[in-house]
Amino acid sequence: MLFSTFLFYQFAIFLIISAFFVVLSRNTVTSAMFLIFAFVNASALFLMIGAEFLAMLFIIVYVGAIAILFLFVVMMLDVDKKRQYNVRKYLPILSLISAIFITQIYIIAVSSLEPTKYLKKGYFFLSHYKINNEISNSKAIGDILYTDFFLQFQLVGLILFVAMIGAIVLTLKEKDKFKKVQIISDQVARKKKDSVEIVQVGSGKGVDV
Amino acid sequence: MIPNIDIIHFIILATIIFTIGVSGIFMNRKNLLNMLMSIELVFLAVNINMVAFSAYNQDLLGQIFAIFILVITGAEAAIGIAILIVYYNLRSKLDINLKPKMQG
Chain A
81 MLFSTFLFYQ FAIFLIISAF FVVLSRNTVT SAMFLIFAFV NASALFLMIG AEFLAMLFII
141 VYVGAIAILF LFVVMMLDVD KKRQYNVRKY LPILSLISAI FITQIYIIAV SSLEPTKYLK
201 KGYFFLSHYK INNEISNSKA IGDILYTDFF LQFQLVGLIL FVAMIGAIVL TLKEKDKFKK
261 VQIISDQVAR KKKDSVEIVQ VGSGKGVDV
Chain B
1121 MIPNIDIIHF IILATIIFTI GVSGIFMNRK NLLNMLMSIE LVFLAVNINM VAFSAYNQDL
1181 LGQIFAIFIL VITGAEAAIG IAILIVYYNL RSKLDINLKP KMQG
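In order, the protein sequences belong to chains A and B.
At position 109 of the first sequence the residue is numbered 189 (the numbering used here), and the sequence of numbers has no breaks.
At position 98 of the second sequence the residue is numbered 1218 (the numbering used here), and the sequence of numbers has no breaks.
Next up, chain A with everything else stripped away, as it sits in the complex (with noise of 0.2 Å):
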């Protein structure tokens, strides 16, 4: 067996353990935890396959941002430890519909995904973003990326912008200390001398406020 079709299983494998983990484990702390196992897994499968900015994408995402921002969570709300689970009841319909799902998968995926059939046939070769091997894959992204999906680009800063609005509203508390409030009278009554000093600075020199 070659090393890196020995690597593949060994990430695979801890990955499918690691998600196990987070289903299975009493504490939350503890699935919070093999969640972040399981990303650093499949950023290095994404690393054996040739998207590197994918996978350190994954790391400063996931591993950074969300899994600590479970923790946080976990941390601030103090949810209680034991956690009871009612997996035997659930656990025989789960397992039929998860059997049949794999087995559907698997065979559609052996019946009709053999790559070299359609490679002859060039059937996933309608879009031209090919893969370049000699620029890098982090350039070739952002060659495509700011070029040609530049207004989806932009659509999915709208949508973050979106949710930072909508966490924030969600959890704010005192709603009315933050509510701007227009005294038309103090508004016009403003001069420029009251707000507006002009100051010349000279090299090297600060200003006294």
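Hints were generated in silico from the structure; no laboratory data involved.
Think of the CB as a built atom: it goes at the ideal place given N, C-alpha and C, for glycine as much as any other residue.
Please note: incorrect hints may appear among the correct ones.
Stated by the list, open to error - Derived DEER-like restraints, expressed as beta-carbon distance ranges: (1) B:Ile1199 / A:Pro172: 31 to 39 Å; (2) B:Ile1199 / A:Arg270: 33 to 41 Å; (3) B:Ile1199 / A:Tyr170: 25 to 33 Å; (4) B:Ile1199 / A:Asn107: 56 to 64 Å; (5) B:Asn1124 / A:Lys253: 52 to 60 Å.
Guided by the hints, dock chain B onto chain A, whose structure is given.
Only chain B this time, still in chain A's reference frame:
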């Protein structure tokens, strides 16, 4: 690409993780936080599929789309945790038991 590893291996891996995540959503009804973690696992499975197909077809479009999915995941985690905190302030527990006190 990894020698001796087809895309089918990646599809099976992603399917197993997806199934674990969906099962976790059903099993962890007592804890909203673990349900959110299971949703993260589902997103991870989708991203593995995207990146694997992108690498095996030598097409960069999948990785671009994986970045967009990553952003959606971040937004979902932020909104989900905000809803969780509001829920905890209302009920002082994280149990998703819909029997009592659903008004309106």
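Status of each hint after checking the structure:
1. B:Ile1199 / A:Pro172: 31 to 39 Å: This hint holds: roughly 34 Å between Cβ atoms.
2. B:Ile1199 / A:Arg270: 33 to 41 Å: Holds, at about 40 Å.
3. B:Ile1199 / A:Tyr170: 25 to 33 Å: 27 Å, holds
4. B:Ile1199 / A:Asn107: 56 to 64 Å: 25 Å, violated
5. B:Asn1124 / A:Lys253: 52 to 60 Å: Because 57 Å falls inside the window, the suggested range holds.
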